[in-house]
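Undergrad: Single-letter residue listing:
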Amino acid sequence: MSIEETEKEIVEEFDMFDDWMQKYEHLIDLGKSLPMISEGEKTDDRLIKGCQSRVWLKSELKNGKIIYTADSDAIITKGMVALMVRVLSDHTPDEIINAKMEFVEKVGLTKHLSPTRSNGLLSMIKQMKMDAVAYKTMG
Amino acid sequence: MNRNRINIPLKLLYLQGKSPLFRIILNFVFPIMTELKTPDISIIDIDKIRADFPILSDKVNGKPLIYFDNGATSQKPIQVIETITNYYKHQNANIHRGVHTLSQEITVAYENARATVQKHLNALYSHEIIFTSGTTESINLVAHSFAKQFLSNGDEVIVTAMEHHSNILPWQMVCEERGALLKVVPINSDGELILEEYKKLLNKKTKIVAVTHISNTLGTINPVKEIIDLAHAQNIPVLVDGAQAVPHTFVNVQDMDADFYCFSGHKLFGPTGVGVLYGKEKWLNQLPPYKVGGGTIKTVSFERTEYADLPLKFEAGTPHIEGGIGLAVAIDYVNEIGLDKIAAYEHDLLEYATGLLQKTDGVKIIGTAKNKASVISFVVEGLHAFDIGTILDQLGIAVRTGHHCTQPLMTHYCIQGTVRAAFAFYNTKQEIDLFIQGLERAIKMLR
Ligand SMILES: Cc1ncc(COP(=O)(O)O)c(C=O)c1O
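Protein chains in written order, with my numbering: chain A, 1 to 139; chain B, 1001 to 1447.
Hints may be right or wrong, so weigh each one.
Stated by the list, open to error - As a list, the in silico EDC-like pairs of lysine to aspartate or glutamate whose alpha-carbon atoms are at most 16 Å apart:
1) B/K1225 x B/D1257
2) B/K1444 x A/D29
3) A/K8 x A/E105
4) A/K126 x A/D45
5) A/K62 x A/D131
6) A/K23 x A/E13
7) A/K129 x A/D94
8) A/K23 x B/D1155
9) B/K1444 x A/E25
10) B/K1341 x B/D1155
11) B/K1205 x B/D1155
12) B/K1063 x A/D19
13) A/K106 x A/E4
14) A/K106 x A/E5
15) A/K111 x B/D1257
What the hints assert, rightly or not - Per label pair, the in silico range of CB-to-CB distance:
16) A/N98 x B/A1093: 56 to 62 Å
17) A/S33 x B/G1062: 46 to 52 Å
18) B/N1203 x A/I67: 56 to 62 Å
19) B/Q1358 x A/L47: 46 to 52 Å
20) A/V133 x B/I1078: 51 to 57 Å
21) A/T43 x B/Q1234: 18 to 24 Å
22) A/E39 x B/E1351: 37 to 43 Å
23) A/K106 x B/I1078: 45 to 51 Å
Treat the hints as calculated values from the structure; they're not laboratory data. For each residue, glycine too, the CB sits at the ideal point set by N, CA and C.
From just these sequences and the hints, can you work out the full model?
TA: Below is the structure:
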């Protein structure tokens, strides 16, 4: 599935919910199902510092595609992190660099990305893209 | 079903404004009736008070706002809001400068505001009241001016383990600059200062003690008078951070014998951007100005400047005029209700909420001092404060989550952060019921 197709799928998924409480329930479910980073791998260099919830991000290049694994100590943040991973993981660095991530706004997550929410989500997207740039230049 | 419980008083407020008869019944007959049965709920006229705070009838995320983030900042009564708009509509002029009428009138109003603060803190002189931008600036002023004059290599400054970053960082900075040492009074597991350890820290090298009156995270009310007496026995001055104390208790700086006392207007139902530094005349006279410029001088030449007397020496530049005046109105407002009544009412809320939280599965209260203000921090086993705060926000309930600018305290308790509910006199038990229900719902969702 292309990045855009996944984005579309997520937007449709969230459209099914009437209110934010249900959206949060869905995010919590997503958070619970996210494959976690093992405790030993939650090193400081993988930590994306937010003020309140912490996010860890691991990226590996496999057959020209980047595989992301991520985790957070807060479950709602983890649900949002799961969405980012679902959209961007298993794509080439070029695809990731060019991803518009429009679903974020369409789903109504923008308020969680403002720097003041300080949950590290904005920094996470930046870091995912920076990792892609790094892999691209590495060749 | 429970949302109706909060809707009833709101509806009453509406009616109260409409019908004089209803107002009489509500304000006079009803309190008398209830006083006979249950004295505690008639301590203050809660419906009348809530009507004074416009924001309390707003909705947030489609739900009636329940505002429990009073430790961060308090809401403002209409009297304060109108004072500020009236200032801009009819009073705006610069103070201490002009011969024209507006300038003279606003200068008088501003100086009257200073006198209101003086009376409220029971300071000896009104020139011992310095207007600042808030607690943080007040502490920075003292730390920098005091260090310049009195702190040298090898000296010591004492703070406590429960200080807000605003009462740590200024001292840390001046200590680093001067080669002085920062000493920290530890706390016990209930979140109370260990006075025996404090006594051991006081010595000839100690130059100043900085301590919070009430902890913003734990709610602990510190025995400041005792702390000050112990320091004074060795001629050491004490700065008290009163940011969290002034909204909840009487402060009498002469009785307490504080050398410096700081607070912020915005936590005392007044405007943001204005605060107070009280300092004993003898200390303020010895300190050099911290920032300089217009308004702080007697005479200026390029060779030499003679600084103005107190309080202007510390008030460079055009001050937050409407802030000072608004703060005085907020103080009058609180005094009209009566701080003793406020304290009793809030204590009732605290006990009520504490009892319910203790019964909530998985909740652990952080800060169980014997002497507490209406601030409750807690953690929920296995859950992150951010998640709980996010769900409560969806229900219109505003709480604070995180480390509350007290990271060393979080380290002490080995936690990342807490959820904090801080009650003001406009909060109610019905709101606490809704908060507990919301919390239970959040826990169920997140587990
Ligand atoms: C105990 C304490 N000290 C200082 C401050 C800082 O106050 P302000 O930000 O108004 O300067 C706060 C505010 O949270 C506080 O709770």
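Undergrad: Mind checking the hinted window 45 to 51 Å against the Cβ distance between A/K106 and B/I1078?
TA: Because 40 Å falls outside the window, the suggested range is violated.
Undergrad: Decide if the proposed pair is consistent with the structure: A/K129 and A/D94, CA atoms, cutoff 16 Å inclusive.
TA: Answer holds: A/K129 to A/D94 is near 10 Å, not above 16 Å.
Undergrad: Between A/K23 and B/D1155, is the straight-line Cα distance small enough, at 16 Å or below?
TA: violated (57 Å)
Undergrad: Would you check the hint for A/K106 and A/E5, treating anything up to 16 Å between C-alpha atoms as holding?
TA: holds (14 Å)
Undergrad: Between the alpha carbons of B/K1444 and A/D29, is the straight-line distance 16 Å or under?
TA: At roughly 13 Å apart (the allowed maximum being 16 Å), A/D29 and B/K1444 satisfy the hint.
Undergrad: Against the range 51 to 57 Å, how does the distance between the Cβ atoms of A/V133 and B/I1078 compare: consistent or not?
TA: With a Cβ separation near 54 Å, A/V133 and B/I1078 satisfy 51 to 57 Å, so the hint holds.
Undergrad: Holds or violated: 18 to 24 Å for the Cβ distance of A/T43 and B/Q1234?
TA: Since the Cβ atoms of A/T43 and B/Q1234 sit about 48 Å apart, the hinted range of 18 to 24 Å is violated.
Undergrad: Take a quick look at whether A/K111 and B/D1257 sit within 16 Å of each other, Cα to Cα.
TA: Roughly 48 Å between the alpha carbons, so the hint for A/K111 and B/D1257 is violated.
Undergrad: Run the distance test for A/K62 versus A/D131: straight-line Cα separation, threshold 16 Å.
TA: Cα-Cα ~14 Å, so holds.
Undergrad: When you check the alpha-carbon spacing of A/K126 and A/D45, does it fall within 16 Å?
TA: holds (15 Å)
Undergrad: Regarding the pair B/K1225 and B/D1257, is the alpha-carbon distance no greater than 16 Å?
TA: holds (7 Å)
Undergrad: Please verify whether B/K1205 and B/D1155 have alpha carbons no more than 16 Å apart.
TA: holds (5 Å)
Violation of the numbered hints given earlier is confined to hints 8, 10, 15, 17, 19, 21 and 23; the remaining hints are satisfied by the structure.
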